[in-house]
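Protein chains in written order, with the numbering used here: chain P, 155 to 198; chain Y, 215 to 484; chain B, 231 to 294.
None of these hints come from the bench; they were simulated from the model. Any given hint might turn out to be false.
Claimed, not checked - Distance windows between CB atoms, simulated: (1) ALA361/Y - GLU257/B: 29 to 37 Å; (2) GLU257/B - GLU414/Y: 18 to 26 Å; (3) GLU257/B - ASN428/Y: 45 to 53 Å; (4) ASN328/Y - GLU263/B: 49 to 57 Å.
Claimed, not checked - Chain B regions said to be covered by chain Y (calculated; three or more residues, Cβ under 8 Å): (5) 235-244; (6) 286-292.
Note that the Cβ used here is the ideal one computed from N, Cα and C, for glycine as well.
One letter stands for each residue in the lines below.
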Amino acid sequence: MSYKCSRCKRDVELDEYGGVRCPYCGHRVLLKERSRNIKEIDVQ
Amino acid sequence: MTENFEVQFIDRDERTARFLVRGVSPAFANGLRRAIIADVPTLSIDSVRIIENSSVMFDEQISLRLGLVPLTTPPNEFEEGDIVTLALDVEGPETAYSGDLRSDHELVEPADTNIPIIELKYPETADSPQRLELEADAVMGRGRDHAKNQGGVAVGYRHLQTVVVEDDADEYSDSEPEILRGVIEERAAEHAVATDGTGEPENGALVATETFDNDLSKRYPDKEVSVRDVDDAFVFHVESDGSMSVDELVTNAADSLAERATELEQAVQL
Amino acid sequence: MMVPVRCFTCGKVVGEHWEEFKERAKEGDESPEAVLDDLGIERPCCRRMLVSHKDLVDIVSPYQ
Numbered sequence: 155m156s157y158k159c160s161r162c163k164r165d166v167e168l169d170e171y172g173g174v175r176c177p178y179c180g181h182r183v184l185l186k187e188r189s190r191n192i193k194e195i196d197v198q
Numbered sequence: 215m216t217e218n219f220e221v222q223f224i225d226r227d228e229r230t231a232r233f234l235v236r237g238v239s240p241a242f243a244n245g246l247r248r249a250i251i252a253d254v255p256t257l258s259i260d261s262v263r264i265i266e267n268s269s270v271m272f273d274e275q276i277s278l279r280l281g282l283v284p285l286t287t288p289p290n291e292f293e294e295g296d297i298v299t300l301a302l303d304v305e306g307p308e309t310a311y312s313g314d315l316r317s318d319h320e321l322v323e324p325a326d327t328n329i330p331i332i333e334l335k336y337p338e339t340a341d342s343p344q345r346l347e348l349e350a351d352a353v354m355g356r357g358r359d360h361a362k363n364q365g366g367v368a369v370g371y372r373h374l375q376t377v378v379v380e381d382d383a384d385e386y387s388d389s390e391p392e393i394l395r396g397v398i399e400e401r402a403a404e405h406a407v408a409t410d411g412t413g414e415p416e417n418g419a420l421v422a423t424e425t426f427d428n429d430l431s432k433r434y435p436d437k438e439v440s441v442r443d444v445d446d447a448f449v450f451h452v453e454s455d456g457s458m459s460v461d462e463l464v465t466n467a468a469d470s471l472a473e474r475a476t477e478l479e480q481a482v483q484l
Numbered sequence: 231m232m233v234p235v236r237c238f239t240c241g242k243v244v245g246e247h248w249e250e251f252k253e254r255a256k257e258g259d260e261s262p263e264a265v266l267d268d269l270g271i272e273r274p275c276c277r278r279m280l281v282s283h284k285d286l287v288d289i290v291s292p293y294q
C-alpha cells in the first residue's frame, strides 16, 4: 500500500509489521494518494 | 383530420419561439409538446474518463456538470446511439469552462461556451496547481431516458383566447386590473385601445398580453369583458437549450410523431 | 460550490450567466432584478438559481 507522509511529503510503503508511521520522520499522519489509473464514470 | 393546420409565428428567434397552431385537437397539441421534450434525440456527454482531477470536486460531480452542458447537434448527421469524443485539459489557477471542451467532430461543440465547470486553484499549501484532464463520450440520446438529452426547455401551450365585451363597466365601481396571460385574438377592436407597438386595433389580429401589461382593463378601458377560449387553436411556447434551433426541434418532433403513426399503421395492417 | 449548470426546475442553462451576474449584481451595485431581466432570465425558477447561489471553491481549496 502506498501512502504519502503529510509532514515530509515522501512516499511511504506500509507493511503489516511497522504500524501506521512514516519510517523517515516518524509522523503518524499518512495520506492515501489518488491512483494513476484512468477512472471511467457514467454520467447519471 | 378534416382541417388543415395553420401556423402563425408571434415571436421567432434561434432559441425561443411562440407560435399559434390552428386546427389541432388538445390531444395532438399535447402529443407534440411531449415529443419536443422527450423524443428529439440530442447529443450529451454520457461517460467520462478522468485522467487527472485534483480539483475540489469529486469526479462524479464534474461528470454530472459536463453531462448537463448542451452540445450542438447537427441535423441528419447522427443516429441514436452514435458517439462523439470530447476532451478537456485545464490547469490552475484558472477556471475550466464548457468552451474548453474540444470535440473530434467539427460540427459538435458546446452550445454555450461560458459555463463554469470547475474553478481550479493553485493553493499556497499545495506543491502543484490543481488540474483537470479528461476525455468524454457524448452519446445521442432522448429526453425520456435522461433530462440532459432534452432539446426543449419549458415547452408548453395555451389555448388561444379571445375577449368579448359584454357591456360598459359600472360607472361607480372601482376599476380593478383583470389579469390575463398568453395571446388573444382581437374580436372587439372597436372597444380596444392601441397598446404600444401593435398599431391600431384590428379584428383578427393576434395580440400578446404583455403588450398591455397582462391587464385587460388597459386594453378595454371602462368595459366589462369576459374571456373565451378559441376552439382548436393553441399557442405554443418553445425554448431550445441550444443543441438545435427551435425550427429543427419542432420539425424533428413532428417527424417523430409521424414516424410512430406510420409504424402503428403498418403494424395494424399486417 | 460551483453554480449549477442548469435550472433545477425547468432545465434552462443558467451557469453561463453567473459570472456576469456576480460581477454586476453581487460585486457591483446594480439591482439583481434589473441584471436578471437584462440577461434574459425570466422565470422565477431560473432567477432563484443565481440569486441564492454562493461560490465555495475558495473556502474549501486550502484543504486536501
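Structure-based check of all given hints:
1. ALA361/Y - GLU257/B: 29 to 37 Å: Given range 29 to 37 Å: holds, Cβ gap about 32 Å.
2. GLU257/B - GLU414/Y: 18 to 26 Å: violated, 47 Å
3. GLU257/B - ASN428/Y: 45 to 53 Å: violated, 34 Å
4. ASN328/Y - GLU263/B: 49 to 57 Å: Given about 22 Å between the Cβ atoms, the range is violated.
5. 235-244: holds (count 6)
6. 286-292: Our answer is that it holds, as 5 residues pass the Cβ test (under 8 Å) against chain Y, meeting three.
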